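Using our numbering, the first residue of the sequence shown is number 1, and each one after it goes up by one.
It is worth saying that the hints were derived from the structure and are not from the lab. Some hints could be false.
[As the list claims (entries may be wrong)] Derived pair list, reagent style DSS-like, types lysine-lysine, alpha-carbon separation capped at 25 Å:
(1) 245 / 220
(2) 78 / 102
(3) 289 / 245
(4) 245 / 257
(5) 257 / 289
(6) 220 / 257
(7) 220 / 115
(8) 185 / 220
Computed from a prediction, not measured in an experiment: that's the story for all the values here.
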Amino acid sequence: MLLILYFYQKKEAIMKKVLFGAILFPLILSAQVGVNTALPAATLDVTAKNKTGTTNNVDGFLFPRVDRQRAQSMTGVKTSTLIYVDSIATGTQTGTTVNMDKVGFYYFDGTVWSKLNTLTEGGTAGQVLTSNGAGAAPSWITLNTVSGTIASANYVQGTTALTINQGTTADVPGVTIVLTVPTGKTQTFLFTILGFAINATGAGGVATQGVFSLLQNGTKISSAYTSSGDGGSLINLPAPTTFLKSVTLSAGTYIFKVQYSAWSGDQIVNANPSNYVGYNGDTEAMLTKMQVLVYNN
Numbered sequence: 001m002l003l004i005l006y007f008y009q010k011k012e013a014i015m016k017k018v019l020f021g022a023i024l025f026p027l028i029l030s031a032q033v034g035v036n037t038a039l040p041a042a043t044l045d046v047t048a049k050n051k052t053g054t055t056n057n058v059d060g061f062l063f064p065r066v067d068r069q070r071a072q073s074m075t076g077v078k079t080s081t082l083i084y085v086d087s088i089a090t091g092t093q094t095g096t097t098v099n100m101d102k103v104g105f106y107y108f109d110g111t112v113w114s115k116l117n118t119l120t121e122g123g124t125a126g127q128v129l130t131s132n133g134a135g136a137a138p139s140w141i142t143l144n145t146v147s148g149t150i151a152s153a154n155y156v157q158g159t160t161a162l163t164i165n166q167g168t169t170a171d172v173p174g175v176t177i178v179l180t181v182p183t184g185k186t187q188t189f190l191f192t193i194l195g196f197a198i199n200a201t202g203a204g205g206v207a208t209q210g211v212f213s214l215l216q217n218g219t220k221i222s223s224a225y226t227s228s229g230d231g232g233s234l235i236n237l238p239a240p241t242t243f244l245k246s247v248t249l250s251a252g253t254y255i256f257k258v259q260y261s262a263w264s265g266d267q268i269v270n271a272n273p274s275n276y277v278g279y280n281g282d283t284e285a286m287l288t289k290m291q292v293l294v295y296n297n
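Can you make the complete structure from the sequences, with help from the hints?
See the structure below:
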């Protein structure tokens, strides 16, 4: 009887070893794991249970879902770890979670949690994707706010003619513009100004001279000389002046305008040269003009 019991126990132990070996053998033979497939094609091959059809069963993979505070508390995180942050109501946007500003997928890049960009995170019309430096996720910003780009191009020109008497100064009609630098920004304004001033007395008068000036909030910041000759075959010929000015300004609203000072003789700005020989409806030929290009710094 004892002999029979001994052989039974021995047989049971052998069967357990064989069964364990049978289970372990496929894992040793192949390091690939398949879910819903007996023939995995990768380290982990997950096949949809219902590839086609109208069944309402859910097929998919659920990543670990945590809030920002939980992600911020993790230590010893391995590079390439992927999580889904389902709430940013907790934790702060500092340290390893400096990039966590919205719900979504994040991966650990070895230093911080970086946003896994998706198509739903694309920018809007007029935006470009820009780098925020090493270890930081890129961000979408409006193109005309990027440093080094032109924020705006502005143009004004003279309207009505105005006579400015010798020794006086007046604003050139129509050549005033109001520009605003956004909060938190600095911008550089590049001005190009073209001006004409003709002799108000017409043919037979004396030569005249004066200056066009650019003012910022009532203070002169630049000027340029001009003159108008009288005599010879070219009667009352104004010498046009073109001048440039660059200013860099911080946030605020600024008023820029062009003035004319008549040094010698009475003069007309924004004149219509309709009495000139060859005039062909060129009403803008002698208008004062100002262009302002605004650059982001």
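Hints versus structure:
no. : hint      : result
1   : 245 / 220 : holds (11 Å)
2   : 78 / 102  : holds (22 Å)
3   : 289 / 245 : holds (14 Å)
4   : 245 / 257 : holds (13 Å)
5   : 257 / 289 : holds (11 Å)
6   : 220 / 257 : holds (9 Å)
7   : 220 / 115 : violated (50 Å)
8   : 185 / 220 : holds (24 Å)
Consistency with the previously given hints fails for number 7 only.
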